[in-house]
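Asker: Each chain is listed here by its residues.
Protein chains: 2
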Amino acid sequence: MSITTDPKLRSFIEIPPDSHFPIQNLPYGVFRNNSGGTPRVGVAIGEFVLDLSVLDEAGLFNIPELDGKKYFHQPSLNAFMSAGQKVWKKTRERISQLLREDEATLRDNDTLRTQALIPLSQIELLMPVEIGDYTDFYSSREHATNVGTMFRGKENALMPNWLWIPVGYHGRASSVVVSGTPIRRPLGQTRTDDTQPPVFGPSRLLDFELEMGFFVGPESKLGEPIPIEKTHEHIFGMVLVNDWSARDIQKWEYVPLGPFLAKNFATSISPWVVTMEALEPFRCEGPPQDPTPLPYLQSAGKQAFDIHLEVLLKSKRMEAPVRICQSNFRYLYWSMYQQLAHHTITGCNVRPGDLMASGTISGPTPDSYGSMLELTWRGSKPIRLSESETRKFLEDGDTVIMTGWCQGDGYRVGFGEVIGEILPALDMEF
Amino acid sequence: MSITTDPKLRSFIEIPPDSHFPIQNLPYGVFRNNSGGTPRVGVAIGEFVLDLSVLDEAGLFNIPELDGKKYFHQPSLNAFMSAGQKVWKKTRERISQLLREDEATLRDNDTLRTQALIPLSQIELLMPVEIGDYTDFYSSREHATNVGTMFRGKENALMPNWLWIPVGYHGRASSVVVSGTPIRRPLGQTRTDDTQPPVFGPSRLLDFELEMGFFVGPESKLGEPIPIEKTHEHIFGMVLVNDWSARDIQKWEYVPLGPFLAKNFATSISPWVVTMEALEPFRCEGPPQDPTPLPYLQSAGKQAFDIHLEVLLKSKRMEAPVRICQSNFRYLYWSMYQQLAHHTITGCNVRPGDLMASGTISGPTPDSYGSMLELTWRGSKPIRLSESETRKFLEDGDTVIMTGWCQGDGYRVGFGEVIGEILPALDMEF
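Chain order of the listed sequences is A and B.
Note that the first sequence ends on residue 430 in this note's numbering; no numbers are left out.
Note that the second sequence ends on residue 1430 in this note's numbering; no numbers are left out.
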C-alpha cells in the first residue's frame, strides 16, 4: 500500500464520504479564478482546489526530483506529464503530506492556506492538457457487437480482426473540449433513402458515447515501439470522455475510411485528470481474452480498473437529471497497456498530452449500454425520462452528464463529471 | 497579374530556368545552419535561402500590416500562417522587391547580402510547421476506383458516398516528418490466410502514396463552419506529401474504422511551403463534377491547380533514380476548397498549421498511378527499375523521391522534393 493511497489517510479539510476528491485522489487540473487571472495547475481536494503555483512560490516543491522546473505556473499539464513517474510520485507525496490532518505547514498557516486553497465555486476549470494527437479505440466487445449487429447484422457484428487487434482510429484533437462547453448540433450530409440523393441539414440522430481516456506522459521516439511491459511508464492518468456522435452522418460517410465528420464536431472531457497512482488500489482483472493475443500484446497481472460509470440525462423541462446508464471501465476487453503497445508497434511516436480514449464502454446488460444508439436499439426502444418525455436520440436543450468513481472502503476516488448541453444547429443559408 | 508573379520578373540572383525556386515562387521554410544555431524562417531563392530573421533585424520588415510582430525568429511557420492574407501579401511583396535585379538594398549591401543569403548546401531544412491536426482526404477518383477494385471488386469499387462527399479521415500528426527522414519498415499484424490466425512481423507490402497537402492559415471557431467562398482565406500554401502505407497491415485492420497503424508510422512532407499566391497563375479547371455537389460544396471558377508531379525510385544498387510515375494535382476530383468546407461543416474547428492532404493523386493512365499498389496492380505486374531489378512493393534500402512543379513560360514554380529511404524493420524479440 502506498503512503498516498492509504484508505485511512485523512486530511485537515473535511471531506464527506461521497466526495470524488478525498486525499486518496488528488487529481490534477488547470484553472483560473472566476474573476480572471493566469491559468495554472491545481489539485482538487474536497470542495477546494489546491493552487500548486502558490505552494511552489512558497518553496514547498523544492524536491530534488523536480529539478527546479516550474511545472505548475503553466496553462496545461503537458510539462508535468512529460516529467515521468519519479516526478509524479514525489509531487504526489508532497501534496499528500501537506494536506494530512497531522501536518501543520499548510493547516496552521492562515495566510498560505487562504491563498492556496480556493473554493471550487470561485474558479473556472479549463482544458487541462494541450492535446497533440487524439486516438479513439473501440475496445468494448459488447459495444462493438451491438453496433456491428445494428449496422451489419448479427452474422457480421464482430469483424474477424476484432479479437486480435485493439481496433482504433485517429480522432480530431482541435475539437476536444472541457466539460461544460455547449455542443452545437452538427450540420451535414445524410442519406436515409438509398434511391434518393443525400440531403443536407442538422443531424437527427445525435448521440453520446460513454468513454474514458488516458493521457500519455513521457514521449516515445519515432521508429521505436513501446514494449507492453513499459507502457505503464507512459501513462499519466485518466479522464471521462464523451465522444459525441452523429449517427446519421456516420452511417453515410464511414465506408471505407471510418468515422470523420460524425465525430469531429466535439469530444468532451472531464477537467480533473486522475493519476494512475490514485487508481492503483482499484486494479482488477479484465475479461478473459480468447484467442490469446499475439505476444506483443501479452502482459501478466491485473490490467483493468474497477471504475463505476454512470450517464445521466436532463431535458430542458426536467428539474433533475435521470440516470440512463450504469457501466464499468472493467468491462473493456482490451487494456490501456495493450492499446498503447499496439498503437506504437509500427514505430508511431507518442507525445506528452496525447489522449487515447477507450471507445464506448458498454456492459453485458441493456442498462449498461454506453450510447443512445444501443440503449434505444437504434431508436426502436425509446427510453423514458419522465412521465411526459421519452428519447430515441438527443434533442436540443438536453444535457448529458457522465460521472464515474472507484468505491473504496468509506471513500471514493472519483472523476467528477463531464457535462455538455446540446444547442440547436446553426440556421445556415446555402 | 500580381506584381510578385510577373513571369518577366528577374532577380539579381542568377536562376536557371529549371530551378524550382525563381523569384516567382518564394516558398517558406524553417532552417538552421549545418553548424547548428537557432531554427528560423527563410525563403528559397535559386540555390540560396534568404534568412528572413536577418532582414527583420535589419529593419526591412517594418511594414504596418506586420504590426511589429516577430514572425521569422521562430522555429515554425505557425505564427506567420495565423496572420492571414494581408500579412502574407505584404511580406511577399517586400521579399520580391528586395530580390529584384533593379533593387539595390540587398544587392549592393555586401555585408547584409552575405548574412541574409546562405547557400542551401550550408543549411539543414527542418519541419516547417508544428502540425496540430493532420487530415488525409481520398479525393482522386482514379485512385479510389483502382483501390476499390482491388480490395472490393469492380462492382463495389467506388462507394455510393464517394461522388457526394470529399471522403477523408484523421491521420497522425506526431509522425509527420520532413523530407530526408529515414523511414523504418513497420512491424505489425497481418493475415494472409483467412483460415489461420494473424501473424506478426515486418510489413511485406510497404508502399508510398503520392499526395499533396495544404496548410491551414487563420483558425476557425468551434461550431462555426467555413463557407466555401471563404475557405481560400484559410489556406496558406502547399507541400508534397508521401503518405507511407503498409498495405498488408491496412488490409487486416481497416474495417470498420479505417486505416490506423498502416499509416501512422510516418508521413513525409517537402520542406518548402509554396504559397497560394505563387500558385495563382497556375489555376485551372478540375474534372467536371457529376452529380452536382450539394450547395455547401459548390463554388464558381477554377478550383484546381496545374502541378506536374513525379515519383522516382532508387534502389541501393542503382546509381541514379528512375521515374516510375507522372501525375498531376489537377486530376483530383474534389478541390481543396471543397475539402475544407466539408471538414468544417459540422463546426469542426481548424487551427494554423493543420495539414490537409489530398489522398493519392492517380491520373487516368497506368503510368500516372500514385502508389506501388496501383502501379504494380497489387504486385501482379512488377515494375522494372533496371536490367536486373524489378519491384512489386518497396524493399529495404529503396529511396522514394517525389517532386512537382508548375511550368511557366521559361520558369518553374516548384516544390523541390520529398525524399525518404526505407530502413529495415527492427529486429524485436517478443
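Heads up, some of the hints might be wrong.
Unchecked claim - Below, simulated DSS-like cross-link-like pairs (lysine-lysine); rule was C-alpha separation at most 25 Å, straight line:
hint: 1; chain 1: B; residue 1: 1070; chain 2: A; residue 2: 154
hint: 2; chain 1: B; residue 1: 1086; chain 2: B; residue 2: 1070
hint: 3; chain 1: A; residue 1: 154; chain 2: A; residue 2: 302
hint: 4; chain 1: B; residue 1: 1154; chain 2: B; residue 2: 1230
hint: 5; chain 1: A; residue 1: 251; chain 2: A; residue 2: 86
hint: 6; chain 1: B; residue 1: 1251; chain 2: A; residue 2: 251
hint: 7; chain 1: B; residue 1: 1154; chain 2: A; residue 2: 251
As the list claims (entries may be wrong) - Derived coverage of chain A by chain B (criterion: at least 3 residues anywhere in the stretch with Cβ under 8 Å from a Cβ of chain B; other residues may be distant):
hint: 8; region: 245 to 256
hint: 9; region: 343 to 354
The set of hints was computed from the structure by calculation and includes no laboratory data.
Ideal Cβ positions, reconstructed from N, Cα and C, are used throughout, including at glycine.
Asker: Taking the hints in turn, state whether each one holds.
Answerer: The hints, checked one at a time:
Taking the CA atoms of residue 1070 of chain B and residue 154 of chain A, the gap is near 60 Å; set against the 25 Å cutoff, the hint is violated. Annotation: proposed proximity of residue 1086 of chain B to residue 1070 of chain B holds, straight-line Cα distance about 16 Å (limit 25 Å). Proposed proximity of residue 154 of chain A and residue 302 of chain A is contradicted: the alpha carbons are some 31 Å apart, above 25 Å. For the given pair, residue 1154 of chain B sits about 38 Å from residue 1230 of chain B by alpha-carbon distance, which is inconsistent with the 25 Å threshold.
A threshold of 25 Å between alpha carbons decides the hint, and for residue 251 of chain A with residue 86 of chain A the separation of about 46 Å lies outside it, so the pair is violated. Of the supplied pair hints, the one linking residue 1251 of chain B and residue 251 of chain A holds, its CA atoms being roughly 21 Å apart against a limit of 25 Å. Taking the CA atoms of residue 1154 of chain B and residue 251 of chain A, the gap is near 22 Å; set against the 25 Å cutoff, the hint holds. Here's how the region 245 to 256 of chain A fares: 7 of its residues keep a CB closer than 8 Å to some CB of chain B, so the rule of at least three is met and the hint holds.
Counting residues of the region 343 to 354 of chain A whose CB lies closer than 8 Å to any CB of chain B gives 9, so the stated coverage by that chain holds, three being the minimum.
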